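One line per chain: the protein sequences are B and Z, in this order.
Using the working numbering, the first residue of the first sequence is number 98, and each one after it goes up by one.
Using the working numbering, the first residue of the second sequence is number 302, and each one after it goes up by one.
Keep in mind that a hint or two might mislead.
[Claimed, not checked] Derived Cβ-Cβ restraints for the label pairs, each shown as a range:
no.: 1; chain 1: B; residue 1: Ala147; chain 2: Z; residue 2: Arg422; range: 44 to 52 angstroms
no.: 2; chain 1: Z; residue 1: Gly407; chain 2: B; residue 2: Ala195; range: 53 to 61 angstroms
no.: 3; chain 1: B; residue 1: Leu342; chain 2: Z; residue 2: Leu314; range: 56 to 64 angstroms
no.: 4; chain 1: Z; residue 1: Glu311; chain 2: B; residue 2: Glu385; range: 47 to 55 angstroms
no.: 5; chain 1: B; residue 1: Arg344; chain 2: Z; residue 2: Gln405; range: 52 to 60 angstroms
no.: 6; chain 1: B; residue 1: Ile365; chain 2: Z; residue 2: Leu314; range: 46 to 54 angstroms
no.: 7; chain 1: B; residue 1: Glu385; chain 2: Z; residue 2: Leu314; range: 53 to 61 angstroms
no.: 8; chain 1: Z; residue 1: Glu436; chain 2: B; residue 2: Gly283; range: 41 to 49 angstroms
no.: 9; chain 1: Z; residue 1: Gly450; chain 2: B; residue 2: Gly250; range: 55 to 63 angstroms
[Claimed, not checked] Capping the alpha-carbon separation at 30 angstroms, the derived lysine-lysine pairs in DSSO-like fashion look like this:
no.: 10; chain 1: Z; residue 1: Lys337; chain 2: Z; residue 2: Lys431
no.: 11; chain 1: B; residue 1: Lys264; chain 2: Z; residue 2: Lys431
no.: 12; chain 1: Z; residue 1: Lys431; chain 2: B; residue 2: Lys206
Please keep in mind that the hints were generated in silico from the structure rather than gathered at the bench.
Predicted, not measured: the structure shown is a model, and the values here were computed from it.
In this text, a Cβ means the ideal position worked out from N, Cα and C, and glycines have one as well.
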Amino acid sequence: MSLPELSLHGLERPDSLGSVCERLAERAARGEKTVLLAGGTDWFVERHVAPATDGSEAELVLDVSRLPELRGISASGDTLWIGAATTYLELRRHPVVAARVPLLPAMSKDVGAVQIQARGTLGGNLATASPAADGVGALAALDATVHLLSVRGPRSIAISDYFTGYKRSVRAADEVITGFTVQMPGEGSFQYWRKVGTRLAQAISKVALAGVAEVSDGQVTRLGLGMVSVAPTTAFLPTVRALALRRPLDRIADSALDAATQADVSPIDDVRSTGDYRRHVSGALVREFFRTLRSR
Amino acid sequence: MIVRLEVNGERRLVDLPPLTRLLDALRGPLGLTGTKEGCGEGECGSCTVLLDGDPVNACLVATAQCEGRSVTTVEGLGALDGRARETGGLSLLQAAFVTEGGAQCGICTPGMLIAAEALLRETVDGANRKPTDTEIREAVAGNICRCTGYQRIVDSIAQAAALRRRVSPADWVRENLPFAKAEGTRGLL
Numbered sequence: 098m099s100l101p102e103l104s105l106h107g108l109e110r111p112d113s114l115g116s117v118c119e120r121l122a123e124r125a126a127r128g129e130k131t132v133l134l135a136g137g138t139d140w141f142v143e144r145h146v147a148p149a150t151d152g153s154e155a156e157l158v159l160d161v162s163r164l165p166e167l168r169g170i171s172a173s174g175d176t177l178w179i180g181a182a183t184t185y186l187e188l189r190r191h192p193v194v195a196a197r198v199p200l201l202p203a204m205s206k207d208v209g210a211v212q213i214q215a216r217g218t219l220g221g222n223l224a225t226a227s228p229a230a231d232g233v234g235a236l237a238a239l240d241a242t243v244h245l246l247s248v249r250g251p252r253s254i255a256i257s258d259y260f261t262g263y264k265r266s267v268r269a270a271d272e273v274i275t276g277f278t279v280q281m282p283g284e285g286s287f288q289y290w291r292k293v294g295t296r297l298a299q300a301i302s303k304v305a306l307a308g309v310a311e312v313s314d315g316q317v318t319r320l321g322l323g324m325v326s327v328a329p330t331t332a333f334l335p336t337v338r339a340l341a342l343r344r345p346l347d348r349i350a351d352s353a354l355d356a357a358t359q360a361d362v363s364p365i366d367d368v369r370s371t372g373d374y375r376r377h378v379s380g381a382l383v384r385e386f387f388r389t390l391r392s393r
Numbered sequence: 302m303i304v305r306l307e308v309n310g311e312r313r314l315v316d317l318p319p320l321t322r323l324l325d326a327l328r329g330p331l332g333l334t335g336t337k338e339g340c341g342e343g344e345c346g347s348c349t350v351l352l353d354g355d356p357v358n359a360c361l362v363a364t365a366q367c368e369g370r371s372v373t374t375v376e377g378l379g380a381l382d383g384r385a386r387e388t389g390g391l392s393l394l395q396a397a398f399v400t401e402g403g404a405q406c407g408i409c410t411p412g413m414l415i416a417a418e419a420l421l422r423e424t425v426d427g428a429n430r431k432p433t434d435t436e437i438r439e440a441v442a443g444n445i446c447r448c449t450g451y452q453r454i455v456d457s458i459a460q461a462a463a464l465r466r467r468v469s470p471a472d473w474v475r476e477n478l479p480f481a482k483a484e485g486t487r488g489l490l
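For reference, chain B alone in the conformation it holds in the complex (with noise of 0.2 angstroms):
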């Protein structure tokens, strides 16, 4: 569907998250196709550069960007919730988050440009589900369970159980990502976000590395990576995690980091960038991310 064809959309304001489940149930019941719309600033551009159909396949919109229950950040002991619809901006704004995460403000600071940051939510980051997705990379390193609403009721997962290849997930046609909660790092914990972009402002990552680690003794007690734009999906750098967690941290070599980090990527060429260079950024990202772990 194309830009001239916005007019042929049906759009429904639904004034609870149960009304959207309700909806979203009857229309997969029949085979309807469904978009969940909050910030449009993915599917806005999307019928920009789609090419003219008969128009025909109009999909129906349900605008979820104010439903309550999607909205907000709210803290409860070490567990943080975010609803789904909570924009980048948000994220940067919420005094909690900037305390203890760092590392969500630090990643939406770099989505996009401020306007972008005003309408782009982390639950439609993750709804694309590209692996480009900044957000998600941040949601990675910080080991967020994902949490879905449907008439058949909630689920949770572990977010490294959510993809399941390129644009492809565990969620359902009648599921709603409803929010995301994630276990506050601890008090001196380390939290990194770089992003490597053509330029520092709207550009979408070439390469982009989450991390998060906590040390005790010598030793990374906790540690959680997301890559972006390097293999078909967001990468958790499982063979990283393995070598690292648990280990003496002045006894991880940079020579096993640069092995294991090329084991866990895939990147390919694209218009942004070379596999070739992504390859070397994402060892040269995994290396400063442990030297500076290092050096704290």
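Given chain B, work out where chain Z should sit, using these hints.
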């Protein structure tokens, strides 16, 4: 779908297909052509407007999502500035773009002004401080200009931030806009 929204402080109503871009609603039935379309895909910032005070790309917002919300376009900047009468209908920010050479071909200017207005509201109005050079550059990082090389835009915003804090607008006009006549400077941008 009938959508009720507030545009530049006035209650307005439009009847459009719900997924109509806010940009098209503004430039069409709402008659506000100050907001420009550049790339149409959220890259260039020409169509930046304030939605409930935050800058957004109007090419990526569905009109139906604006129900009950407040939109500020470039046409509203002077109108919302209580001192604009003294600058010929322009806000101090707009006038600074004139005097500092921040506007050239004019396509990016409305979006630049709106992005800058958001920054000044946050820093000058909200925290009573001037934005840093880095903050100014970050605030307009989503706005692409192909004429000025950005330095004069940054200078304009810095000038506006300084003046918005302390100088009487009447004095500023006398010092900086000697050409401002009774009929105002509208039309210079």
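Against the structure, the hints come out as follows:
Between Ala147/B and Arg422/Z the CB atoms are about 36 angstroms apart, so this pair departs from the stated range of 44 to 52 angstroms. The beta-carbon spacing between Gly407/Z and Ala195/B, approximately 38 angstroms, falls outside the hinted interval of 53 to 61 angstroms. For the pair Leu342/B and Leu314/Z, the beta carbons lie near 59 angstroms from each other, so the given range of 56 to 64 angstroms is met. Between Glu311/Z and Glu385/B, the C-beta spacing of about 52 angstroms keeps the proposed range 47 to 55 angstroms intact.
Range check, Arg344/B to Gln405/Z: about 58 angstroms between beta-carbon atoms, so the 52 to 60 angstroms window is met. For Ile365/B and Leu314/Z, the Cβ-Cβ distance of about 49 angstroms falls inside the hinted range of 46 to 54 angstroms, so the restraint holds. One distance hint, 53 to 61 angstroms for the beta-carbon pair Glu385/B and Leu314/Z, holds here, with the actual separation near 54 angstroms. As the Cβ distance of Glu436/Z to Gly283/B is approximately 31 angstroms, the hint placing it in 41 to 49 angstroms is violated.
As the Cβ distance of Gly450/Z to Gly250/B is approximately 57 angstroms, the hint placing it in 55 to 63 angstroms holds. About 28 angstroms separates the Cα atoms of Lys337/Z and Lys431/Z, which keeps this hinted pair within 30 angstroms; it holds. Between Lys264/B and Lys431/Z, the direct Cα distance comes to roughly 43 angstroms. Violation of the 30 angstroms bound is thereby established for this hinted pair. For the hint linking Lys431/Z to Lys206/B, the alpha-carbon distance of about 20 angstroms falls within 30 angstroms, and the restraint holds.
Hint violations for this structure: numbers 1, 2, 8 and 11, all remaining hints satisfied.
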